[in-house]
Amino acid sequence: MYIIQLSVFVENRHGRACDIMEILSENNINILTLSIADTTDFGVMRLIVDKPELAKKVITEAGVICRTTRVIAVPVDHTPGELTKLLKILKDADLSVEYLYAFCVEEHSKPIIVLRPTHREPALKALIAAGIEPVTIEQE
Amino acid sequence: MAILHPEIECMPREELKKLQSERLKWQVARMYERVTLFRKRMDALGLKPSDINGVEDLHKLPFSYKQDLRDYYPYGLFAEPLKDIVRVHASSGTTGKQIVVGYTQKDLDDWADGVARMMVAIGLGEDDFVQVSYGYGLFTGGLGAHGGAEKIGATVIPTSAGNTQRQIQTMVDFGSTALCCTPSYALYLGESIEEMGLKDQLSLKVGIFGAEPWTEDMRHTIENKLNIKAYDIYGLSEIMGPGVSYECECQAGMHVCEDMFIPEIIDPDTGEVLPEGAQGELVFTTITKEGFPLIRYRTRDICELNYEKCACGRTHVRMKKPQGRTDDMLIIRGVNVFPSQIEEVLLKASNGAMPNYQIIVDRVNNNDTLDINVEMTAEMFGDDVKTLAATEKMLENEVRSVLGIGAKIHLCNPKSLPKSEGKAKRVFDNRKLH
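Residue numbers (my numbering), protein chains in the order written: chain A, 35 to 174; chain B, 220 to 653.
Rather than coming from a laboratory, the hints here were simulated on the basis of the structure. Small disclaimer: the values here were computed from a predicted structure and weren't measured. Do not rely on the hints blindly, as some may be mistaken.
Across the chosen pairs, the derived CB separations fall in these ranges [claimed, not checked]:
hint	chain 1	residue 1	chain 2	residue 2	range
1	B	413	A	113	51 to 61 Å
2	B	414	A	84	54 to 64 Å
3	A	113	B	601	27 to 37 Å
4	B	608	A	104	15 to 25 Å
5	A	104	B	415	52 to 62 Å
6	B	221	A	46	18 to 28 Å
7	B	573	A	84	36 to 46 Å
8	B	598	A	145	43 to 53 Å
9	A	171	B	546	58 to 68 Å
10	A	70	B	635	14 to 24 Å
11	A	125	B	415	46 to 56 Å
12	B	616	A	128	27 to 37 Å
Here are the simulated lysine to aspartate or glutamate pairs, EDC-like style, with alpha carbons at most 20 Å apart [said to hold, decoys possible]:
hint	chain 1	residue 1	chain 2	residue 2
13	B	634	A	45
14	B	605	B	617
15	B	627	A	72
16	B	651	B	547
17	B	605	A	84
18	A	90	B	598
19	B	638	A	95
20	B	605	A	75
21	B	612	A	72
22	B	612	A	45
23	B	634	A	75
24	B	638	A	72
25	B	627	A	75
26	B	651	B	546
Cβ coordinates follow ideal geometry from the N, Cα and C atoms, glycine included.
Full structure from sequences and hints, please.
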């Protein structure tokens, strides 16, 4: 019911994001999507990759702090109001969203929203109860 | 220029030596009786107060150290009953705990007298308005300058530090003729005054600046920006506070108030007294202080002494601006900071697993900056920004509460900082102060 997200600590230093990309490409890891949360001092890069465990291993070996987390991925129609509908379900269940971002993959015709609610299990329940089925994707 | 006490300040050196000898004998005798640590150290050397016949025997006496103030915290080194101590001040220790010093009423009078000598030397008097923008409180700067200004009958404007806009408005409206603060704050004030276009509304004549190292270049910049003469003052809480030594109108070194404090220059490694004019560690013996006297206190300041008579007529020895430190103490925004204090904070915050760290001090727009890079552990990292920001904030608060000044914490990746093994440098002071 979840997909694996990799979160990487990125120091606010010239070329840092590039360094991390290099590690991934050298290990033939493909990125499905990423988003960066930034502050003045550092950022946290969140990635959905095809091989999260391998990515975690090689990034850690390179001396960069990272970890994997489970996030909810929900397909939505590519029309206005779809995200509203989704968020309203969580709002009505008294749940909040820490962050969200979206991506597309070929096997799914619809865009996929990645979201990290404040409370994962209740959020999942609320979504399923509203008839929304989270997706999984192929990850090693 | 005037001299407050010509009979003392211009005393022939032979006479001064006699006065110092008498006072030294008095101090050694009473401290031997009253200060346990001093007596123990004397006994260990097989010395009795009667072995000290004058300043020529000073070199026989045991040294005292900053660590002593920590070991005998808070009142273990006081030489008068606490009922006669009328004030205490405090300063940074080498760890989280501060050090405490105490003053009798006579000590406060002597202290004010030292500062007053300087104020008279640079032309201040009862018609002047002295704005004291040093911090008031446990720090000796504010009340030290305050006491001297009152002693000469000037009008004191006790603004304390901070709130620059109001400082400047006060300076203009109240007609301040003298400014006392740290040199970096003087520069900052100068720049703000330029920006506000108020330079021609100032009545300032002179500035008395100390509590942190500054260069001749800074002096010229301050003098230009504020349209004043800038004078250097030196002191440390352990000995008295500001006014242990000061520049006269000749600005050729700082006169030590030698009727109260005997300076020596020693080799910091061997403890040997070095010949006149040599560079070494500055050591002070307080020969009039009642409440908190110290014999041969190791200041850790690297300095030189000049015994030649000054053109101003004063005979009291002149010390150079300190040229550095024999320990790792930093002076940041006028506050003494020991890297070990920061280390203690990090150790406590990380539950004993000491993270690798780096301390970077710089001066940006005449303001000292303190940045601390701290390596994170994997456990500290969630996938959200909030937790990391909260960790940074927590460390910043802890550092502020221990040091009394703010620092910027930067979390960084494990093993990204040079290892601390061997002689790896943890402290980078990028200011050019000497």
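> Can you name, in rising order, the numbers of the hints this structure does not satisfy?
Replying inline: 6, 8, 17, 24
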